[in-house]
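A.B. asks: Residue numbers (the numbering used here), protein chains in the order written: chain A, 1 to 224; chain B, 225 to 514.
Hints are not guaranteed to be accurate.
Result set (DSBU-like, lysine-lysine): computed pairs, CA atoms no more than 35 Å apart in a straight line [said to hold, decoys possible]:
1. Lys235(B) to Lys303(B)
2. Lys498(B) to Lys512(B)
3. Lys38(A) to Lys277(B)
4. Lys40(A) to Lys142(A)
5. Lys482(B) to Lys512(B)
6. Lys303(B) to Lys40(A)
7. Lys303(B) to Lys394(B)
8. Lys235(B) to Lys40(A)
9. Lys277(B) to Lys142(A)
10. Lys296(B) to Lys127(A)
11. Lys465(B) to Lys390(B)
12. Lys376(B) to Lys38(A)
13. Lys142(A) to Lys303(B)
14. Lys376(B) to Lys394(B)
15. Lys277(B) to Lys127(A)
16. Lys40(A) to Lys277(B)
17. Lys38(A) to Lys303(B)
18. Lys353(B) to Lys376(B)
19. Lys127(A) to Lys235(B)
20. Lys127(A) to Lys376(B)
21. Lys127(A) to Lys353(B)
The hints are simulated quantities; they were obtained by calculation from the structure and are not laboratory data. All of these numbers come straight from a predicted model, not from anything done at the bench.
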Amino acid sequence: MTDWQPLFLTFKLALVTTLVLLIVSLPLSWWLVHSRSKIKPIIATLVSMPLVLPPTVLGFYFLLAFSPGNAFGSWIDRWLGIQLVFSFGGLVLASVIYSLPFMVHPIQAGLAAVPSSLNEASYVMGKSRWTTLWRVQLPNIKTSLLTGIVLAFAHTVGEFGVVLMIGGNIPGKTKVASIAIYDEVEALNYASANLYSAVLFVITFAILLLVYLINGGYLKRFWK
Amino acid sequence: MICLDLHKTFKTTGGGLTLHLQTEVPKGSFVTLYGPSGAGKTSTLRMIAGLLKPDEGILLVEDVPWFDSSRKINLRVQKRQIGYVFQDYALFPNMTVRENLEYGCPEDSEISIDELLEFMELGQLASRKPQTLSGGQQQRVALARALAQQPKILLLDEPLAALDYKFRLKLQDYLFRIHRDFNFTTIMVSHDIGEISRLSDLVLVIEEGRVVRQGTPDEIFGNRQISGKFRFVGEVQGIEKHDIIYIVSVLVQNQLIKVVAQPSEMRGINMGDKVMIASKAFNPIIYKID
Numbered sequence: 001m002t003d004w005q006p007l008f009l010t011f012k013l014a015l016v017t018t019l020v021l022l023i024v025s026l027p028l029s030w031w032l033v034h035s036r037s038k039i040k041p042i043i044a045t046l047v048s049m050p051l052v053l054p055p056t057v058l059g060f061y062f063l064l065a066f067s068p069g070n071a072f073g074s075w076i077d078r079w080l081g082i083q084l085v086f087s088f089g090g091l092v093l094a095s096v097i098y099s100l101p102f103m104v105h106p107i108q109a110g111l112a113a114v115p116s117s118l119n120e121a122s123y124v125m126g127k128s129r130w131t132t133l134w135r136v137q138l139p140n141i142k143t144s145l146l147t148g149i150v151l152a153f154a155h156t157v158g159e160f161g162v163v164l165m166i167g168g169n170i171p172g173k174t175k176v177a178s179i180a181i182y183d184e185v186e187a188l189n190y191a192s193a194n195l196y197s198a199v200l201f202v203i204t205f206a207i208l209l210l211v212y213l214i215n216g217g218y219l220k221r222f223w224k
Numbered sequence: 225m226i227c228l229d230l231h232k233t234f235k236t237t238g239g240g241l242t243l244h245l246q247t248e249v250p251k252g253s254f255v256t257l258y259g260p261s262g263a264g265k266t267s268t269l270r271m272i273a274g275l276l277k278p279d280e281g282i283l284l285v286e287d288v289p290w291f292d293s294s295r296k297i298n299l300r301v302q303k304r305q306i307g308y309v310f311q312d313y314a315l316f317p318n319m320t321v322r323e324n325l326e327y328g329c330p331e332d333s334e335i336s337i338d339e340l341l342e343f344m345e346l347g348q349l350a351s352r353k354p355q356t357l358s359g360g361q362q363q364r365v366a367l368a369r370a371l372a373q374q375p376k377i378l379l380l381d382e383p384l385a386a387l388d389y390k391f392r393l394k395l396q397d398y399l400f401r402i403h404r405d406f407n408f409t410t411i412m413v414s415h416d417i418g419e420i421s422r423l424s425d426l427v428l429v430i431e432e433g434r435v436v437r438q439g440t441p442d443e444i445f446g447n448r449q450i451s452g453k454f455r456f457v458g459e460v461q462g463i464e465k466h467d468i469i470y471i472v473s474v475l476v477q478n479q480l481i482k483v484v485a486q487p488s489e490m491r492g493i494n495m496g497d498k499v500m501i502a503s504k505a506f507n508p509i510i511y512k513i514d
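With the hints as constraints, model all of the structure from the sequences given.
C.D. replies: Right, dumping it as structure tokens:
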């Protein structure tokens with residue numbers, strides 16, 4: 001009897017994380033492109049940190065910060081009633097930060113590549129920055145948005161270190177596929193490990209392939 | 225009437241430029257800003273549009289202050305009712321030609337998009353995306369889009385610079401008709417003296433951030449002592465000395481014309497100079513070409 005729970009949990013985590021990231025990354029990327037603030041390099045560095053930092057480092061500090069034995073962790077617990085350590089909420093928060101550069105960088109590059117005269121033309125036509133973002137900027141960076149969404153999703157699916165540090169290994173709550181695989185191998189259940197691995201392999205391959213097909217314009221050619 | 229008195233200092237690696245522009249433009253006129261690159265012509269347009277903030281000064285449009293540093297007034301670009309044709313046209317790639325026009329069109333507009341498309345001969349192209357159009361067609365879309373806004377002032381930043389000669393003439397015609405029919409103030413940046421003479425009522429010569437001369441195209445480019453019947457502006461392409469005379473090759477529009485010149489006339493004329501060729505009395509040959 002195969003336990004599908006870890007796979008289900010993995011895709012739920014990836015989906016929620018990607019949605020949160022999309023909401024967070026749009027204003028953040030816009031700010032990184034348009035701001036002239038002095039703290040911009042610092043923010044840009046922080047956004048990119050998860051690219052180079054070992055996931056365990058990130059997970060370790062999350063664990064310390066969110067622990068109920070700690071001032072910040074107990075404050076969140078008391079005032080918001082959320083316990084972030086060893087819970088799904090904590091996993092989402094950690095994944096959002098861990099996958100942030102994968103969403104922000106493509107969107108930022110896309111926004112920066114939109115010629116400034118397009119924005120100015122829109123302003124001259126009496127449109128606000130908000131309208132310009134929705135009607136001009138976003139429709140012209142569709143490929144960047146798609147790249148960001150897929151990379152963030154795939155990266156969250158493939159997460160291991162952060163999840164293990166902050167989520168632990170609670171079946172149905174924090175035991176995602178990557179951890180389940182590790183678990184099954186430790187228990188010498190190679191068949192289960194193989195199943196999880198194969199499913200992850202096939203699904204991530206299919207998602208990435210779809211993106212390359214869409215961004216490369218292959219599908220359009222096929223339909224026409 | 226547009227009154228402007230604007231200051232702006234740019235810091236660049238080459239030492240910087242201080243703009244100090246002071247001029248008045250009558251309502252409904254067609255004005256050209258003429259001068260070398262880097263003199264501040266585009267910056268002037270951008271300051272009028274509100275895309276670039278002057279350091280100090282005043283900009284009055286029909287007695288409404290758009291910018292007044294002493295009273296801390298700076299009307300937002302969105303409120304200025306300006307039509308701006310950018311050098312790269314800035315058409316929205318995600319919208320069709322018609323959608324580009326509709327985007328800038330106010331809701332209570334008196335102008336019908338269909339009429340405008342017909343007027344600019346764009347009816348056939350209405351559902352095409354801008355990137356599938358030729359340069360001349362994109363140019364017409366950009367103009368039509370600026371007109372759809374029903375602007376008080378139309379600003380044109382070297383709109384015809386990238387086009388070949390045949391298209392230029394055609395679009396100059398369009399510009400002339402539009403300006404006459406829609407009756408607003410037009411301010412254009414241009415380097416083409418032929419174009420300027422054909423279109424504008426007033427030329428402002430801008431050098432190093434200042435208006436150094438202003439007047440009608442004839443006053444600025446013409447030599448009033450010649451009451452020539454034929455006059456062409458061109459660029460010197462070659463100077464050959466033959467005994468006591470010179471043979472000068474001048475590129476007028478797209479034709480190379482050879483002109484005989486006296487040494488006294490050639491004083492101060494070098495390769496690449498803009499010159500005017502005029503003739504008072506001669507007998508042109510006329511024949512039908514079709």
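A.B. asks: The structure should be examined with respect to each hint, and the outcome stated for every one.
C.D. replies: Hints, one by one, checked against the model:
1. Lys235(B) to Lys303(B): holds (29 Å)
2. Lys498(B) to Lys512(B): OK: lysine 498(B) and lysine 512(B) at ~31 Å, within 35 Å.
3. Lys38(A) to Lys277(B): Holds, at about 21 Å.
4. Lys40(A) to Lys142(A): holds (25 Å)
5. Lys482(B) to Lys512(B): With Cα atoms ~23 Å apart, lysine 482(B) and lysine 512(B) stay inside 35 Å; holds.
6. Lys303(B) to Lys40(A): Holds - the C-alpha atoms of lysine 40(A) and lysine 303(B) are around 30 Å apart, at most 35 Å.
7. Lys303(B) to Lys394(B): holds (32 Å)
8. Lys235(B) to Lys40(A): holds (22 Å)
9. Lys277(B) to Lys142(A): Judged against 35 Å, a Cα distance of about 32 Å means the pair holds.
10. Lys296(B) to Lys127(A): Satisfied, since the Cα-Cα distance of roughly 23 Å is no more than 35 Å.
11. Lys465(B) to Lys390(B): holds (33 Å)
12. Lys376(B) to Lys38(A): violated (39 Å)
13. Lys142(A) to Lys303(B): holds (30 Å)
14. Lys376(B) to Lys394(B): OK: lysine 376(B) and lysine 394(B) at ~24 Å, within 35 Å.
15. Lys277(B) to Lys127(A): holds (18 Å)
16. Lys40(A) to Lys277(B): Status holds; Cα separation ~23 Å.
17. Lys38(A) to Lys303(B): holds (30 Å)
18. Lys353(B) to Lys376(B): Distance of about 28 Å is within 35 Å: holds.
19. Lys127(A) to Lys235(B): holds (30 Å)
20. Lys127(A) to Lys376(B): holds (17 Å)
21. Lys127(A) to Lys353(B): Between lysine 127(A) and lysine 353(B) the Cα gap is close to 21 Å, so the pair holds against 35 Å.
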